[in-house]
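Visitor: Make a model of the complete structure from these sequences and hints.
Chains as they are written, first to last, in the working numbering: chain V, 1 to 121; chain P, 1 to 265.
Derived from the structure by calculation, the hints contain no laboratory data. Be a bit skeptical, because a hint or two may be false.
In the EDC-like style, the derived pairs of lysine to aspartate or glutamate whose C-alpha atoms are separated by at most 20 angstroms in a straight line are [claimed, not checked]:
(1) P:Lys152 with P:Glu236
(2) V:Lys94 with P:Asp205
(3) P:Lys159 with V:Asp114
Chain V residues, not near chain P, derived (Cβ > 12 angstroms throughout) [stated by the list, open to error]:
(4) Leu35
(5) Leu62
(6) Ala63
(7) Gly71
(8) Glu78
(9) Gln79
(10) Glu82
(11) Gly90
(12) Val95
(13) Ser107
(14) Lys116
Ideal Cβ placement from N, Cα and C applies to all residues, glycine included.
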Amino acid sequence: MPYRQLSSTWLIAVLAALVVGCVSTEPISELAAVLPDKATCDTEAGRLMETTVVYNAPKSGLAPIAKLGQGRFVYRCEQRGEWLGVMFPGAEEKVDCSQRRPEPACSLGWIRRDSKIEILG
Amino acid sequence: MADKFVDLEALNIRSAPVVSPSTRIGILHLGQRVEEKGPHDQAGWVKIKADINGASTDGIVKGEIDGKPSLRDPVSATREALVAEAIKEWLRFEKGQGIEHHDPFFKFVGQMWQSIGLALDGKDRDTPWSAAAISFMVRHAGQNFPKYKNFKFAASHSKYLHDSIVKRKEGDTNSPFWGFRLHERRPEIGDIVGKWRETPRDFDDAEMSNAFKSHSDIIVSISPDFVLAIGGNVNESVSITRYEKTASGFLAARNEVFMHMVNQA
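Guide: Next comes the structure, spelled out in structure tokens:
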């Protein structure tokens with residue numbers, strides 16, 4: 001293949017990859033995860049009033065890492081813009097994330113800040 | 001002869017008007033019903049009949065302790081029913097000594113959760129159960145007084161604090177409680193004290209929102225300077241809290257107190 005033709009093919013491929021990369025959903029990866037600071041999480045659980053999707057970074061366009069049903073318990077953590085960090089136990093686990101000594105830790109993630117969470121107490 | 005209720009956290013009943021371990025025949029608890037039989041010959045003492053360890057027992061008690069009358073007159077049957085439920089839970093939790101996550105007390109917390117439809121067993125320590133406790137007490141008072149069944153039973157105090165304000169504005173006479181600002185009504189036995197937690201709130205906030213961290217306790221005793229109120233998840237138990245009154249006799253806006261639910265049942 002002539003050098004000039006190879007070069008233009010490569011350039012088109014790189015541009016195409018950049019364009020696709022800009023508009024596609026990011027894959028779930030450890031590199032993409034920006035989890036809330038656990039130290040900011042409340043020590044009291046709240047209760048989700050509706051099914052809520054959890055993401056591993058506070059931004060749009062990511063694939064969800066969990067879907068929590070109505071009635072699941074979560075702990076509010078730090079806020080970033082339109083996002084609220086949450087800590088949550090597994091589906092069949094006890095609620096007590098803040099009481100656990102030692103680990104296993106509860107999961108962390110982000111939900112929309114306007115998600116409906118019932119305050120207990 | 002008259003029905004009375006003990007109006008002190010604890011009151012010794014004695015065989016003779018002498019303060020001595022040898023004359024003490026039992027200890028009466030706050031809210032315990034007794035029968036007053038009249039004044040004793042010795043001034044300052046009152047003859048009563050009370051249940052002591054399941055037996056109806058004659059004895060005498062001091063009429064006043066530190067200037068506060070030992071016994072009070074009954075209030076309305078509906079108010080007494082709610083106070084009786086609060087006292088029952090306080091006794092079930094060993095007068096505030098029963099720790100929430102210990103056996104058998106966690107089971108009682110579990111009953112409170114289940115009565116509002118949540119499948120928690122009481123062992124969870126980071127799920128505040130205070131509103132479930134108040135809901136439990138009101139629900140039980142409603143067994144004989146149906147107006148309590150219209151209570152906004154909830155896992156969050158803010159739900160029924162808000163509801164009581166809304167119901168008052170609507171003039172809903174079927175509501176068991178109406179929400180008032182602290183300066184509007186003097187507290188009475190069977191009313192509920194409303195408090196904020198963590199973030200300061202006021203009556204206007206509670207009128208606007210039903211979702212904020214809060215607390216409430218049921219008033220079980222009134223004194224000139226303070227009230228005693230019972231609530232759940234207080235010191236990890238069901239415990240009594242003392243709330244100060246203003247010189248005019250209203251609940252003081254201190255210690256997070258910001259509103260007052262008046263019993264309409």
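Visitor: What are the numbers of the hints the structure violates, in ascending order?
Guide: 1, 2, 7, 12, 14
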